[in-house]
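**Q** Sequence:
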Amino acid sequence: MATGRPIRLMLDASLLLDPSSTREAAAVALWPGVEELLRRLHYSNLTVAICYAEGMPTNENGIMLTKMNEKSVISNGKSGFLEKVASSHLFGSIALLVKSGNLSLTELMLEWSRTSFCFYATSRVDKGLISELQNQNWRVLSVANECSIEVPGVLNVQRL
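The sequence shown runs 1 to 160 under the numbering used here.
Careful, some of the hints might be misleading.
DMTMM-like cross-link-like pairs, simulated, lysine to aspartate or glutamate; straight-line CA separation at most 20 Å [said to hold, decoys possible]:
(1) Lys84 to Asp18
(2) Lys84 to Glu35
(3) Lys127 to Glu107
(4) Lys84 to Glu36
(5) Lys127 to Glu150
If you anchor each label on the Cβ, the simulated ranges turn out as follows [as the list claims (entries may be wrong)]:
(6) Lys84 to Arg40: 17 to 27 Å
(7) Ser20 to Asn135: 28 to 38 Å
(8) Trp31 to Asn156: 11 to 21 Å
(9) Asn45 to Arg114: 15 to 25 Å
(10) Ser20 to Asn45: 27 to 37 Å
(11) Gln134 to Leu160: 11 to 21 Å
(12) Tyr43 to Pro152: 28 to 38 Å
(13) Leu110 to Ser20: 35 to 45 Å
(14) Pro32 to Asn137: 30 to 40 Å
If you are wondering where the hints come from, they were derived from the structure by calculation, not from laboratory data.
Backbone N, C-alpha and C define an ideal beta-carbon position, used for all residues, glycine too.
All chains, please: the whole structure from these sequences, using the hints.
**A** Pasting the structure below:
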């Protein structure tokens, strides 16, 4: 990698949220060690984003939490919990998939990859998303995935 280009890291919510937690914000929990990871990432020179699948309980749109000073679009449940986590690390939030004038996911991925080296870290298998990310020159990290993601170009690691 050439020096001088910023590095952007998108963390999938599957890496952050304990799957045994419920939809209610009061019962949602982070995996052990996530707070420390987010604290370290906050002080790194990386631009860090937190994203989750559109099917996760939220408003009707998928969202992304990122180190940007945009207005929040998240309301309750796991999404509200992620908003609190993001704001505690001085992240803001922007909509990923909206029907109005904001960037679509594909446009955002393309824009980021033009100006930065981009990495997407996940523990879930979504071959469609992985393929789309790779088409936009993103590097995909499969973290602690029990069955590993068997897609060419995906780097399987045990932990971040």
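**Q** Would you mind marking each hint as holding or not holding in the structure?
**A** Going through the hints against the structure:
1. Lys84 to Asp18: Judged against 20 Å, a Cα distance of about 16 Å means the pair holds.
2. Lys84 to Glu35: holds, 12 Å
3. Lys127 to Glu107: Status holds; Cα separation ~19 Å.
4. Lys84 to Glu36: Holds: Lys84 and Glu36 sit about 15 Å apart, inside 20 Å.
5. Lys127 to Glu150: Roughly 9 Å between the alpha carbons, so the hint for Lys127 and Glu150 holds.
6. Lys84 to Arg40: 17 to 27 Å: For Arg40 against Lys84, whose Cβ atoms are near 19 Å apart, the range 17 to 27 Å holds.
7. Ser20 to Asn135: 28 to 38 Å: Holds: the Cβ-Cβ distance is about 34 Å, inside 28 to 38 Å.
8. Trp31 to Asn156: 11 to 21 Å: holds, 18 Å
9. Asn45 to Arg114: 15 to 25 Å: Because 19 Å falls inside the window, the suggested range holds.
10. Ser20 to Asn45: 27 to 37 Å: Check passed, 34 Å falls within 27 to 37 Å.
11. Gln134 to Leu160: 11 to 21 Å: Holds - the Cβ-Cβ distance for Gln134 and Leu160, about 20 Å, lies within 11 to 21 Å.
12. Tyr43 to Pro152: 28 to 38 Å: holds, 34 Å
13. Leu110 to Ser20: 35 to 45 Å: holds, 36 Å
14. Pro32 to Asn137: 30 to 40 Å: holds, 33 Å
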